[in-house]
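Engineer: Sequence:
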Amino acid sequence: MSFNYSNILLLTGLLLLVFYSNGLTQSEQEQIQIKFNNSLALFDSARYEEALVGFNQILSDYKYNSKTTVSEFFIAKIHLELKQFNQFKYTADRFLQNYPTSLYVDEFRMLLTKYFLEIANYYNAFKEILNIIDNTTSSSYEQNARKTGEGIAAKYLNDIQLDRINSSYSSDKIKAFVLLQKAKYYLRNGNAYSAKNTLKEIVENYSQSIDYNEAQRLSENETESFLPMTAVIGVMLPLDINEQGEYKSQPAAEILEGIKFAVDEFNKSREEKIGLLIRDTKKDIQQIKNVRDEFVELNSLVAVIGPIFSNEVRIALDEFDDYDIPIISPTATDDDLTSISHNFFQANPSFSVRGKVMAQYIYYVENKRNISVLNSIDSYAPILASSFIGEFEKLGGRIIRKESFGSDISDFSIPISKIYSDSMIVEGIYIPFSDNSVTPLILSEMVKYNVKIPLFGNQDWFTAKGFETAPEISNNIIFESDYFVDYSSETYQHFSDQFISVTGKDVNRNTLYGYDAAKFLLTAFRNSSHDRKSLTEKMLSGMVSRGMQNNISFDERRVNRFLNIIRFKDSVFELVDKFKLSQ
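All residue numbers for the sequence shown refer to our numbering, where the first residue is 1 and numbers rise by one.
Take the hints with a grain of salt, since some may be wrong.
So the derived label-pair ranges between C-beta atoms look like this [claimed, not checked]: (1) Val502 to Ala41: 48 to 58 Å; (2) Asp497 to Asn267: 32 to 42 Å; (3) Val296 to Ile425: 34 to 44 Å.
EDC-like mimics (lysine to aspartate or glutamate), calculated; alpha carbons at most 20 Å apart, straight line [claimed, not checked]: (4) Lys569 to Asp497; (5) Lys394 to Asp378; (6) Lys569 to Asp378; (7) Lys569 to Asp531; (8) Lys533 to Asp497; (9) Lys83 to Glu118; (10) Lys289 to Glu265; (11) Lys533 to Asp240; (12) Lys283 to Asp324; (13) Lys533 to Glu243; (14) Lys155 to Asp336; (15) Lys289 to Asp335; (16) Lys538 to Asp570; (17) Lys394 to Glu366.
No wet-lab data here; the hints were simulated from the structure. Built from N, CA and C at the ideal position, the CB exists for glycine as well.
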(Lines of atoms letter the chains of each structure in order from A; the text may use other names.)
(Lines give C-alpha, C1' and ligand atoms only; values in the text may rest on other atoms or scores of the structure.)
Protein backbone atom coordinates (compact mmCIF):
# COMPACT_ATOMS: atom_id res chain seq x y z
CA MET A 1 0.00 0.00 0.00
CA SER A 2 1.55 3.40 -0.95
CA PHE A 3 0.76 6.88 0.31
CA ASN A 4 1.73 10.09 -1.54
CA TYR A 5 2.18 13.24 0.52
CA SER A 6 2.65 15.99 -2.02
CA ASN A 7 5.15 18.65 -1.06
CA ILE A 8 3.15 21.07 -3.17
CA LEU A 9 0.04 20.38 -1.12
CA LEU A 10 1.94 20.83 2.11
CA LEU A 11 3.63 24.05 1.01
CA THR A 12 0.31 25.43 -0.19
CA GLY A 13 -1.06 24.70 3.26
CA LEU A 14 1.89 26.41 4.84
CA LEU A 15 1.31 29.60 2.85
CA LEU A 16 -2.16 29.81 4.33
CA LEU A 17 -0.77 29.83 7.85
CA VAL A 18 -0.14 33.10 9.64
CA PHE A 19 2.72 33.78 12.01
CA TYR A 20 1.86 33.55 15.66
CA SER A 21 3.64 36.21 17.60
CA ASN A 22 3.29 34.87 21.17
CA GLY A 23 6.13 37.10 22.07
CA LEU A 24 8.33 36.04 19.15
CA THR A 25 10.39 38.80 17.65
CA GLN A 26 10.60 39.42 13.94
CA SER A 27 14.15 38.06 14.06
CA GLU A 28 13.00 34.82 15.73
CA GLN A 29 10.24 34.37 13.19
CA GLU A 30 12.76 34.75 10.40
CA GLN A 31 15.12 32.25 12.11
CA ILE A 32 12.27 29.73 12.37
CA GLN A 33 11.40 30.19 8.70
CA ILE A 34 15.02 29.71 7.63
CA LYS A 35 15.47 26.64 9.83
CA PHE A 36 12.22 25.16 8.56
CA ASN A 37 13.14 25.76 4.90
CA ASN A 38 16.57 24.19 5.45
CA SER A 39 15.06 21.17 7.22
CA LEU A 40 12.47 20.75 4.47
CA ALA A 41 15.20 20.82 1.83
CA LEU A 42 17.12 18.14 3.75
CA PHE A 43 13.95 16.05 3.97
CA ASP A 44 13.34 16.37 0.22
CA SER A 45 16.91 15.16 -0.33
CA ALA A 46 16.26 12.10 1.88
CA ARG A 47 18.79 13.36 4.44
CA TYR A 48 16.38 12.39 7.19
CA GLU A 49 18.67 12.37 10.21
CA GLU A 50 19.86 15.93 9.51
CA ALA A 51 16.33 17.11 8.79
CA LEU A 52 15.15 15.59 12.06
CA VAL A 53 17.61 17.71 14.02
CA GLY A 54 16.29 20.91 12.44
CA PHE A 55 12.61 20.10 12.95
CA ASN A 56 13.24 19.13 16.56
CA GLN A 57 15.03 22.44 17.17
CA ILE A 58 11.96 24.33 15.98
CA LEU A 59 10.00 22.58 18.73
CA SER A 60 12.59 22.80 21.48
CA ASP A 61 14.13 26.24 20.88
CA TYR A 62 11.01 28.31 20.26
CA LYS A 63 7.54 28.82 21.66
CA TYR A 64 4.50 27.57 19.75
CA ASN A 65 4.65 29.14 16.31
CA SER A 66 3.41 28.77 12.75
CA LYS A 67 5.83 25.90 12.11
CA THR A 68 5.17 23.87 15.27
CA THR A 69 2.52 21.48 13.99
CA VAL A 70 4.00 21.02 10.54
CA SER A 71 7.39 20.30 12.14
CA GLU A 72 5.69 17.66 14.30
CA PHE A 73 4.29 16.15 11.13
CA PHE A 74 7.69 15.91 9.45
CA ILE A 75 9.28 14.52 12.62
CA ALA A 76 6.70 11.74 12.65
CA LYS A 77 7.14 11.11 8.94
CA ILE A 78 10.92 10.87 9.32
CA HIS A 79 10.61 8.35 12.15
CA LEU A 80 8.36 6.26 9.93
CA GLU A 81 10.71 6.51 6.94
CA LEU A 82 13.57 5.35 9.18
CA LYS A 83 11.37 2.58 10.61
CA GLN A 84 11.80 4.01 14.10
CA PHE A 85 8.38 2.71 14.99
CA ASN A 86 8.33 3.41 18.73
CA GLN A 87 9.37 7.03 18.23
CA PHE A 88 6.84 7.44 15.43
CA LYS A 89 3.96 6.05 17.47
CA TYR A 90 4.82 8.27 20.43
CA THR A 91 5.01 11.37 18.21
CA ALA A 92 1.74 10.59 16.40
CA ASP A 93 -0.21 9.85 19.59
CA ARG A 94 1.12 13.00 21.25
CA PHE A 95 0.16 15.13 18.26
CA LEU A 96 -3.40 13.81 18.06
CA GLN A 97 -3.84 14.39 21.77
CA ASN A 98 -2.40 17.92 21.75
CA TYR A 99 -3.80 19.16 18.43
CA PRO A 100 -7.11 17.32 17.76
CA THR A 101 -8.38 20.10 15.46
CA SER A 102 -5.17 20.60 13.49
CA LEU A 103 -5.20 20.68 9.70
CA TYR A 104 -2.71 17.79 9.87
CA VAL A 105 -4.92 15.30 11.71
CA ASP A 106 -5.89 13.52 8.49
CA GLU A 107 -2.25 13.33 7.43
CA PHE A 108 -1.34 11.83 10.79
CA ARG A 109 -4.12 9.28 10.44
CA MET A 110 -2.70 8.30 7.06
CA LEU A 111 0.76 7.97 8.60
CA LEU A 112 -0.68 5.79 11.36
CA THR A 113 -2.31 3.63 8.71
CA LYS A 114 1.04 3.15 7.03
CA TYR A 115 2.63 2.41 10.41
CA PHE A 116 0.12 -0.32 11.21
CA LEU A 117 0.60 -1.83 7.76
CA GLU A 118 4.36 -1.84 8.30
CA ILE A 119 3.98 -3.84 11.52
CA ALA A 120 1.31 -6.09 9.93
CA ASN A 121 -1.47 -4.87 12.23
CA TYR A 122 -4.05 -4.72 9.45
CA TYR A 123 -7.01 -4.52 11.82
CA ASN A 124 -5.86 -1.21 13.32
CA ALA A 125 -4.69 0.08 9.94
CA PHE A 126 -8.24 -0.31 8.68
CA LYS A 127 -9.64 1.41 11.78
CA GLU A 128 -7.40 4.44 11.19
CA ILE A 129 -8.81 4.67 7.68
CA LEU A 130 -12.33 4.53 9.11
CA ASN A 131 -11.49 7.41 11.44
CA ILE A 132 -10.55 9.51 8.42
CA ILE A 133 -13.72 8.57 6.53
CA ASP A 134 -15.85 9.35 9.57
CA ASN A 135 -14.28 12.67 10.58
CA THR A 136 -12.55 14.39 7.67
CA THR A 137 -14.03 17.52 6.13
CA SER A 138 -12.03 17.01 2.94
CA SER A 139 -13.69 15.11 0.10
CA SER A 140 -10.29 14.29 -1.41
CA TYR A 141 -9.04 12.79 1.86
CA GLU A 142 -12.22 10.76 2.21
CA GLN A 143 -11.94 9.49 -1.35
CA ASN A 144 -8.31 8.49 -0.81
CA ALA A 145 -9.17 6.85 2.52
CA ARG A 146 -12.00 4.84 0.97
CA LYS A 147 -9.72 3.57 -1.78
CA THR A 148 -7.01 2.66 0.73
CA GLY A 149 -9.47 1.04 3.12
CA GLU A 150 -10.95 -1.09 0.37
CA GLY A 151 -7.48 -2.34 -0.51
CA ILE A 152 -6.68 -3.23 3.10
CA ALA A 153 -9.97 -5.05 3.57
CA ALA A 154 -9.57 -6.98 0.32
CA LYS A 155 -6.03 -8.11 1.00
CA TYR A 156 -5.89 -8.64 4.75
CA LEU A 157 -9.29 -8.86 6.49
CA ASN A 158 -11.94 -11.55 6.67
CA ASP A 159 -15.64 -11.32 7.38
CA ILE A 160 -15.21 -12.08 11.09
CA GLN A 161 -12.82 -9.17 11.56
CA LEU A 162 -15.07 -6.88 9.53
CA ASP A 163 -18.02 -7.89 11.71
CA ARG A 164 -16.12 -7.00 14.88
CA ILE A 165 -15.06 -3.66 13.45
CA ASN A 166 -18.59 -2.88 12.31
CA SER A 167 -20.02 -3.56 15.77
CA SER A 168 -17.65 -1.01 17.33
CA TYR A 169 -18.97 1.93 15.25
CA SER A 170 -22.33 3.72 15.43
CA SER A 171 -21.86 5.96 12.38
CA ASP A 172 -24.10 5.00 9.44
CA LYS A 173 -21.38 6.15 7.07
CA ILE A 174 -18.89 3.68 8.55
CA LYS A 175 -21.35 0.82 8.93
CA ALA A 176 -22.34 1.04 5.27
CA PHE A 177 -18.71 1.14 4.13
CA VAL A 178 -17.66 -1.83 6.28
CA LEU A 179 -20.68 -3.87 5.22
CA LEU A 180 -19.80 -3.22 1.59
CA GLN A 181 -16.29 -4.57 2.17
CA LYS A 182 -17.80 -7.61 3.87
CA ALA A 183 -20.11 -8.22 0.89
CA LYS A 184 -17.15 -7.98 -1.49
CA TYR A 185 -15.26 -10.47 0.68
CA TYR A 186 -18.10 -12.95 0.24
CA LEU A 187 -18.24 -12.33 -3.52
CA ARG A 188 -14.50 -12.88 -3.89
CA ASN A 189 -14.85 -16.16 -2.01
CA GLY A 190 -17.81 -17.46 -3.98
CA ASN A 191 -20.29 -17.12 -1.11
CA ALA A 192 -23.16 -15.57 -3.08
CA TYR A 193 -25.74 -16.28 -0.37
CA SER A 194 -23.94 -14.29 2.34
CA ALA A 195 -23.02 -11.56 -0.15
CA LYS A 196 -26.65 -11.11 -1.15
CA ASN A 197 -27.82 -10.82 2.47
CA THR A 198 -25.08 -8.31 3.32
CA LEU A 199 -25.84 -6.14 0.28
CA LYS A 200 -29.53 -6.29 1.16
CA GLU A 201 -28.72 -4.92 4.63
CA ILE A 202 -27.00 -1.90 3.07
CA VAL A 203 -29.81 -1.24 0.60
CA GLU A 204 -32.55 -1.48 3.24
CA ASN A 205 -30.85 0.34 6.12
CA TYR A 206 -28.37 2.82 4.65
CA SER A 207 -30.10 4.38 1.64
CA GLN A 208 -28.52 7.79 2.36
CA SER A 209 -24.96 6.47 2.39
CA ILE A 210 -22.35 6.93 -0.32
CA ASP A 211 -22.15 3.14 -0.61
CA TYR A 212 -25.86 2.65 -1.33
CA ASN A 213 -25.62 2.87 -5.14
CA GLU A 214 -22.72 0.41 -5.38
CA ALA A 215 -24.46 -2.01 -3.02
CA GLN A 216 -27.62 -1.84 -5.12
CA ARG A 217 -25.68 -2.38 -8.35
CA LEU A 218 -23.84 -5.38 -6.88
CA SER A 219 -27.01 -6.94 -5.50
CA GLU A 220 -28.75 -6.64 -8.87
CA ASN A 221 -25.81 -8.01 -10.84
CA GLU A 222 -23.71 -9.93 -8.32
CA THR A 223 -22.67 -12.72 -10.68
CA GLU A 224 -20.90 -10.25 -12.97
CA SER A 225 -19.43 -8.07 -10.24
CA PHE A 226 -16.26 -10.06 -9.78
CA LEU A 227 -14.38 -12.77 -11.61
CA PRO A 228 -16.15 -15.94 -10.56
CA MET A 229 -14.38 -18.38 -8.27
CA THR A 230 -14.10 -21.89 -9.63
CA ALA A 231 -14.04 -23.16 -6.07
CA VAL A 232 -13.75 -22.25 -2.43
CA ILE A 233 -11.65 -24.00 0.22
CA GLY A 234 -12.99 -23.80 3.75
CA VAL A 235 -10.53 -23.32 6.59
CA MET A 236 -11.50 -24.18 10.15
CA LEU A 237 -8.88 -23.47 12.80
CA PRO A 238 -8.95 -22.66 16.54
CA LEU A 239 -7.85 -19.07 15.91
CA ASP A 240 -9.47 -17.80 19.13
CA ILE A 241 -10.22 -14.35 17.70
CA ASN A 242 -10.56 -11.60 20.32
CA GLU A 243 -12.72 -8.47 20.25
CA GLN A 244 -10.09 -6.61 18.22
CA GLY A 245 -10.18 -9.30 15.54
CA GLU A 246 -6.71 -10.54 16.49
CA TYR A 247 -5.76 -14.22 16.56
CA LYS A 248 -4.86 -15.25 20.12
CA SER A 249 -3.73 -18.74 19.10
CA GLN A 250 -0.27 -18.26 17.63
CA PRO A 251 0.14 -21.80 16.21
CA ALA A 252 -3.23 -21.63 14.43
CA ALA A 253 -2.46 -18.13 13.10
CA GLU A 254 0.91 -19.31 11.78
CA ILE A 255 -0.65 -22.34 10.08
CA LEU A 256 -3.23 -20.01 8.52
CA GLU A 257 -0.46 -17.79 7.13
CA GLY A 258 1.03 -20.82 5.39
CA ILE A 259 -2.35 -21.78 3.92
CA LYS A 260 -3.02 -18.25 2.69
CA PHE A 261 0.43 -17.98 1.13
CA ALA A 262 -0.05 -21.27 -0.76
CA VAL A 263 -3.38 -20.02 -2.14
CA ASP A 264 -1.87 -16.65 -3.06
CA GLU A 265 0.95 -18.46 -4.86
CA PHE A 266 -1.58 -20.66 -6.67
CA ASN A 267 -3.82 -17.77 -7.72
CA LYS A 268 -0.99 -15.73 -9.20
CA SER A 269 -0.62 -18.26 -12.00
CA ARG A 270 -4.33 -18.65 -12.79
CA GLU A 271 -7.08 -16.52 -14.27
CA GLU A 272 -9.74 -18.37 -12.33
CA LYS A 273 -8.92 -17.79 -8.70
CA ILE A 274 -9.64 -20.05 -5.77
CA GLY A 275 -11.08 -18.57 -2.60
CA LEU A 276 -10.62 -19.18 1.11
CA LEU A 277 -13.46 -19.09 3.62
CA ILE A 278 -11.80 -18.85 7.04
CA ARG A 279 -13.66 -19.77 10.21
CA ASP A 280 -12.69 -19.84 13.88
CA THR A 281 -13.65 -23.06 15.68
CA LYS A 282 -12.85 -21.55 19.09
CA LYS A 283 -12.29 -25.15 20.27
CA ASP A 284 -16.05 -25.24 20.78
CA ILE A 285 -18.46 -27.95 19.63
CA GLN A 286 -21.30 -25.54 18.90
CA GLN A 287 -19.02 -23.30 16.88
CA ILE A 288 -17.88 -26.28 14.80
CA LYS A 289 -21.55 -27.09 14.16
CA ASN A 290 -22.12 -23.50 13.04
CA VAL A 291 -19.18 -23.77 10.64
CA ARG A 292 -20.59 -27.02 9.29
CA ASP A 293 -24.00 -25.43 8.70
CA GLU A 294 -22.39 -22.65 6.68
CA PHE A 295 -19.95 -24.81 4.72
CA VAL A 296 -22.44 -27.46 3.60
CA GLU A 297 -24.67 -24.79 2.04
CA LEU A 298 -21.90 -23.72 -0.35
CA ASN A 299 -21.90 -25.70 -3.56
CA SER A 300 -18.65 -23.98 -4.54
CA LEU A 301 -16.83 -25.37 -1.49
CA VAL A 302 -14.69 -28.32 -2.59
CA ALA A 303 -12.64 -29.13 0.52
CA VAL A 304 -11.83 -28.14 4.09
CA ILE A 305 -8.41 -27.61 5.67
CA GLY A 306 -8.38 -28.22 9.42
CA PRO A 307 -8.84 -28.60 12.27
CA ILE A 308 -5.32 -29.01 13.62
CA PHE A 309 -5.82 -30.83 16.93
CA SER A 310 -6.95 -34.45 17.01
CA ASN A 311 -9.76 -33.82 19.52
CA GLU A 312 -11.24 -31.10 17.31
CA VAL A 313 -10.81 -33.28 14.24
CA ARG A 314 -12.95 -35.97 15.89
CA ILE A 315 -15.76 -33.49 16.51
CA ALA A 316 -15.56 -32.08 12.98
CA LEU A 317 -15.59 -35.53 11.38
CA ASP A 318 -18.71 -36.47 13.31
CA GLU A 319 -20.44 -33.24 12.27
CA PHE A 320 -19.47 -33.53 8.59
CA ASP A 321 -20.14 -37.26 8.41
CA ASP A 322 -23.22 -36.96 6.17
CA TYR A 323 -21.50 -34.77 3.59
CA ASP A 324 -18.93 -35.87 1.01
CA ILE A 325 -16.53 -33.01 1.61
CA PRO A 326 -12.83 -33.96 1.77
CA ILE A 327 -11.20 -32.71 4.97
CA ILE A 328 -7.42 -32.54 5.41
CA SER A 329 -5.69 -31.78 8.71
CA PRO A 330 -2.15 -30.38 8.54
CA THR A 331 -1.09 -31.61 11.99
CA ALA A 332 -3.44 -34.12 13.68
CA THR A 333 -1.61 -37.40 14.46
CA ASP A 334 -4.00 -39.75 16.31
CA ASP A 335 -4.16 -43.23 14.80
CA ASP A 336 -7.87 -43.81 14.48
CA LEU A 337 -8.99 -40.58 12.81
CA THR A 338 -9.25 -41.97 9.28
CA SER A 339 -11.49 -44.76 10.60
CA ILE A 340 -14.06 -42.17 11.71
CA SER A 341 -14.66 -40.76 8.23
CA HIS A 342 -13.82 -41.89 4.71
CA ASN A 343 -13.53 -38.19 3.78
CA PHE A 344 -10.63 -37.45 6.12
CA PHE A 345 -6.99 -37.10 5.03
CA GLN A 346 -4.14 -36.95 7.54
CA ALA A 347 -1.23 -34.88 6.18
CA ASN A 348 0.87 -35.47 9.29
CA PRO A 349 1.69 -39.20 9.56
CA SER A 350 0.08 -41.06 12.45
CA PHE A 351 2.19 -42.72 15.13
CA SER A 352 1.63 -46.20 13.73
CA VAL A 353 2.79 -45.03 10.29
CA ARG A 354 5.90 -43.54 11.86
CA GLY A 355 6.79 -46.87 13.47
CA LYS A 356 6.22 -48.71 10.19
CA VAL A 357 8.35 -46.23 8.24
CA MET A 358 11.32 -46.79 10.54
CA ALA A 359 10.85 -50.57 10.29
CA GLN A 360 10.83 -50.46 6.48
CA TYR A 361 13.76 -48.05 6.33
CA ILE A 362 15.90 -50.19 8.66
CA TYR A 363 14.98 -53.39 6.82
CA TYR A 364 15.21 -52.20 3.22
CA VAL A 365 17.75 -49.38 3.29
CA GLU A 366 19.99 -50.15 6.28
CA ASN A 367 19.67 -53.86 5.49
CA LYS A 368 19.35 -54.82 9.17
CA ARG A 369 17.61 -58.02 10.18
CA ASN A 370 18.17 -58.24 13.96
CA ILE A 371 16.97 -55.32 16.05
CA SER A 372 16.31 -54.70 19.75
CA VAL A 373 13.75 -52.22 21.05
CA LEU A 374 14.01 -49.92 24.07
CA ASN A 375 10.91 -47.78 24.45
CA SER A 376 9.17 -45.51 26.92
CA ILE A 377 5.82 -46.72 28.23
CA ASP A 378 4.44 -43.17 28.25
CA SER A 379 2.31 -41.24 25.76
CA TYR A 380 2.69 -42.31 22.10
CA ALA A 381 5.97 -44.25 22.51
CA PRO A 382 4.23 -47.64 23.01
CA ILE A 383 2.29 -47.11 19.75
CA LEU A 384 5.54 -46.41 17.91
CA ALA A 385 7.20 -49.48 19.40
CA SER A 386 4.25 -51.77 18.70
CA SER A 387 3.82 -50.68 15.08
CA PHE A 388 7.59 -50.91 14.51
CA ILE A 389 7.79 -54.45 15.89
CA GLY A 390 4.74 -55.62 13.96
CA GLU A 391 6.02 -54.23 10.66
CA PHE A 392 9.63 -55.35 11.14
CA GLU A 393 8.60 -58.92 11.93
CA LYS A 394 6.14 -58.93 9.02
CA LEU A 395 9.00 -58.01 6.70
CA GLY A 396 11.02 -60.97 7.98
CA GLY A 397 13.16 -59.20 10.56
CA ARG A 398 13.76 -60.45 14.09
CA ILE A 399 13.31 -58.56 17.35
CA ILE A 400 16.15 -59.80 19.55
CA ARG A 401 15.02 -58.14 22.74
CA LYS A 402 12.37 -55.68 23.91
CA GLU A 403 12.90 -53.50 26.98
CA SER A 404 10.84 -50.60 28.27
CA PHE A 405 11.08 -47.84 30.87
CA GLY A 406 8.80 -45.46 32.76
CA SER A 407 8.96 -41.72 33.27
CA ASP A 408 10.49 -42.12 36.73
CA ILE A 409 13.60 -43.95 35.54
CA SER A 410 16.97 -42.48 36.47
CA ASP A 411 19.22 -45.47 35.81
CA PHE A 412 19.31 -47.28 32.47
CA SER A 413 22.00 -49.75 33.43
CA ILE A 414 19.68 -52.78 33.65
CA PRO A 415 17.74 -52.47 30.34
CA ILE A 416 20.82 -51.40 28.40
CA SER A 417 23.02 -54.15 29.87
CA LYS A 418 20.42 -56.69 28.72
CA ILE A 419 20.43 -55.27 25.20
CA TYR A 420 24.23 -55.16 25.01
CA SER A 421 24.43 -58.75 26.19
CA ASP A 422 23.24 -59.56 22.67
CA SER A 423 25.83 -57.30 21.03
CA MET A 424 27.22 -60.14 18.92
CA ILE A 425 23.95 -60.49 17.00
CA VAL A 426 22.00 -57.25 17.43
CA GLU A 427 22.41 -54.87 14.47
CA GLY A 428 20.61 -51.85 15.84
CA ILE A 429 18.45 -50.50 18.64
CA TYR A 430 15.13 -48.73 18.06
CA ILE A 431 14.48 -46.23 20.87
CA PRO A 432 11.19 -44.31 20.70
CA PHE A 433 10.29 -41.98 23.58
CA SER A 434 8.08 -38.96 24.30
CA ASP A 435 10.30 -37.19 26.86
CA ASN A 436 13.71 -36.26 25.48
CA SER A 437 15.12 -35.57 28.95
CA VAL A 438 16.11 -39.26 29.12
CA THR A 439 18.63 -39.08 26.26
CA PRO A 440 21.64 -38.00 28.37
CA LEU A 441 20.97 -40.96 30.68
CA ILE A 442 20.70 -43.39 27.77
CA LEU A 443 23.79 -42.13 25.95
CA SER A 444 25.96 -41.95 29.06
CA GLU A 445 25.10 -45.57 29.87
CA MET A 446 25.86 -46.73 26.32
CA VAL A 447 29.29 -45.10 26.41
CA LYS A 448 30.32 -47.68 29.01
CA TYR A 449 30.17 -50.41 26.38
CA ASN A 450 32.94 -50.49 23.83
CA VAL A 451 30.57 -51.63 21.10
CA LYS A 452 29.06 -49.26 18.55
CA ILE A 453 25.52 -50.31 17.75
CA PRO A 454 23.48 -48.09 15.38
CA LEU A 455 20.61 -46.28 17.08
CA PHE A 456 17.24 -45.54 15.49
CA GLY A 457 14.47 -43.43 16.92
CA ASN A 458 11.48 -41.16 16.56
CA GLN A 459 11.11 -37.42 15.99
CA ASP A 460 11.78 -36.49 19.62
CA TRP A 461 15.46 -37.20 19.05
CA PHE A 462 15.45 -33.94 17.06
CA THR A 463 15.26 -31.93 20.29
CA ALA A 464 17.22 -34.34 22.48
CA LYS A 465 20.13 -33.26 24.65
CA GLY A 466 23.45 -34.84 25.48
CA PHE A 467 24.74 -35.62 21.99
CA GLU A 468 27.96 -33.76 22.67
CA THR A 469 28.74 -35.93 25.72
CA ALA A 470 28.86 -39.12 23.67
CA PRO A 471 29.91 -38.31 20.08
CA GLU A 472 30.99 -41.88 19.37
CA ILE A 473 27.42 -43.00 20.12
CA SER A 474 25.42 -40.03 18.85
CA ASN A 475 27.04 -40.16 15.41
CA ASN A 476 25.22 -43.46 14.96
CA ILE A 477 21.70 -42.04 15.46
CA ILE A 478 19.09 -42.05 12.68
CA PHE A 479 15.46 -41.08 13.26
CA GLU A 480 12.24 -40.12 11.46
CA SER A 481 10.66 -36.67 11.47
CA ASP A 482 7.65 -35.03 9.84
CA TYR A 483 9.66 -31.86 9.32
CA PHE A 484 13.10 -31.04 7.99
CA VAL A 485 14.22 -27.87 6.26
CA ASP A 486 17.56 -27.20 4.62
CA TYR A 487 17.77 -23.51 5.49
CA SER A 488 20.81 -22.99 3.27
CA SER A 489 19.18 -24.31 0.09
CA GLU A 490 18.30 -21.92 -2.74
CA THR A 491 14.76 -23.30 -2.79
CA TYR A 492 14.16 -22.43 0.84
CA GLN A 493 15.87 -19.04 0.59
CA HIS A 494 13.65 -18.09 -2.35
CA PHE A 495 10.55 -19.33 -0.55
CA SER A 496 11.46 -17.43 2.61
CA ASP A 497 12.10 -14.20 0.70
CA GLN A 498 8.77 -14.47 -1.10
CA PHE A 499 6.90 -15.29 2.10
CA ILE A 500 8.37 -12.32 3.95
CA SER A 501 7.64 -9.98 1.05
CA VAL A 502 3.98 -11.05 0.98
CA THR A 503 3.22 -11.48 4.69
CA GLY A 504 5.88 -9.41 6.44
CA LYS A 505 6.53 -12.43 8.67
CA ASP A 506 9.22 -15.07 9.05
CA VAL A 507 8.70 -18.67 8.01
CA ASN A 508 8.47 -21.21 10.83
CA ARG A 509 7.49 -24.82 11.38
CA ASN A 510 3.77 -24.13 11.81
CA THR A 511 3.74 -21.98 8.69
CA LEU A 512 5.13 -24.89 6.69
CA TYR A 513 2.58 -27.35 8.09
CA GLY A 514 -0.15 -25.11 6.70
CA TYR A 515 1.68 -24.42 3.45
CA ASP A 516 2.47 -28.06 2.65
CA ALA A 517 -1.10 -29.26 3.32
CA ALA A 518 -2.60 -26.45 1.24
CA LYS A 519 -0.09 -26.99 -1.56
CA PHE A 520 -1.02 -30.68 -1.74
CA LEU A 521 -4.72 -29.85 -1.88
CA LEU A 522 -4.20 -27.20 -4.56
CA THR A 523 -2.01 -29.52 -6.63
CA ALA A 524 -4.72 -32.18 -6.52
CA PHE A 525 -7.35 -29.57 -7.37
CA ARG A 526 -5.39 -28.31 -10.37
CA ASN A 527 -5.20 -31.85 -11.75
CA SER A 528 -8.84 -32.75 -11.10
CA SER A 529 -12.20 -31.75 -12.57
CA HIS A 530 -12.69 -29.16 -9.80
CA ASP A 531 -15.49 -30.93 -7.96
CA ARG A 532 -15.43 -32.76 -4.62
CA LYS A 533 -15.59 -36.26 -6.08
CA SER A 534 -12.79 -35.86 -8.62
CA LEU A 535 -10.69 -33.95 -6.09
CA THR A 536 -11.02 -36.82 -3.60
CA GLU A 537 -10.11 -39.34 -6.29
CA LYS A 538 -6.99 -37.35 -7.16
CA MET A 539 -6.00 -37.09 -3.49
CA LEU A 540 -6.27 -40.90 -3.22
CA SER A 541 -4.33 -41.53 -6.44
CA GLY A 542 -0.89 -41.62 -4.86
CA MET A 543 0.19 -38.30 -6.39
CA VAL A 544 3.19 -36.79 -4.62
CA SER A 545 3.31 -33.16 -3.55
CA ARG A 546 6.82 -32.06 -2.68
CA GLY A 547 6.48 -29.86 0.37
CA MET A 548 8.90 -27.51 2.02
CA GLN A 549 9.36 -29.69 5.12
CA ASN A 550 7.86 -33.04 4.07
CA ASN A 551 6.35 -34.64 0.99
CA ILE A 552 2.69 -35.65 1.03
CA SER A 553 1.10 -38.65 -0.69
CA PHE A 554 -1.96 -40.73 0.15
CA ASP A 555 -3.33 -44.12 -0.77
CA GLU A 556 -6.68 -45.63 0.22
CA ARG A 557 -5.64 -45.47 3.90
CA ARG A 558 -5.62 -41.65 3.70
CA VAL A 559 -2.59 -41.14 5.96
CA ASN A 560 0.50 -39.42 4.55
CA ARG A 561 3.07 -42.06 3.62
CA PHE A 562 6.15 -39.82 3.69
CA LEU A 563 8.58 -39.08 6.51
CA ASN A 564 12.02 -37.51 6.57
CA ILE A 565 14.87 -39.74 7.66
CA ILE A 566 17.40 -37.68 9.61
CA ARG A 567 20.96 -38.48 10.66
CA PHE A 568 22.93 -36.78 13.42
CA LYS A 569 26.53 -36.58 12.28
CA ASP A 570 29.39 -34.39 13.48
CA SER A 571 27.04 -32.16 15.48
CA VAL A 572 24.77 -31.54 12.47
CA PHE A 573 21.35 -32.90 11.54
CA GLU A 574 21.28 -33.92 7.89
CA LEU A 575 18.58 -35.30 5.63
CA VAL A 576 19.19 -38.90 4.59
CA ASP A 577 16.01 -39.52 2.64
CA LYS A 578 12.38 -38.57 2.18
CA PHE A 579 11.13 -42.10 2.73
CA LYS A 580 7.78 -43.33 1.44
CA LEU A 581 5.95 -46.14 3.22
CA SER A 582 5.26 -49.02 0.86
CA GLN A 583 2.09 -51.11 0.89
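Engineer: Does each hint fit the structure? Answer for all of them.
Structural biologist: Evaluated hints:
no., hint, result
1, Val502 to Ala41: 48 to 58 Å, "violated, 37 Å"
2, Asp497 to Asn267: 32 to 42 Å, "violated, 19 Å"
3, Val296 to Ile425: 34 to 44 Å, "violated, 58 Å"
4, Lys569 to Asp497, "violated, 29 Å"
5, Lys394 to Asp378, "violated, 25 Å"
6, Lys569 to Asp378, "violated, 28 Å"
7, Lys569 to Asp531, "violated, 47 Å"
8, Lys533 to Asp497, "violated, 36 Å"
9, Lys83 to Glu118, "holds, 9 Å"
10, Lys289 to Glu265, "violated, 31 Å"
11, Lys533 to Asp240, "violated, 32 Å"
12, Lys283 to Asp324, "violated, 23 Å"
13, Lys533 to Glu243, "violated, 38 Å"
14, Lys155 to Asp336, "violated, 38 Å"
15, Lys289 to Asp335, "violated, 24 Å"
16, Lys538 to Asp570, "violated, 42 Å"
17, Lys394 to Glu366, "holds, 17 Å"
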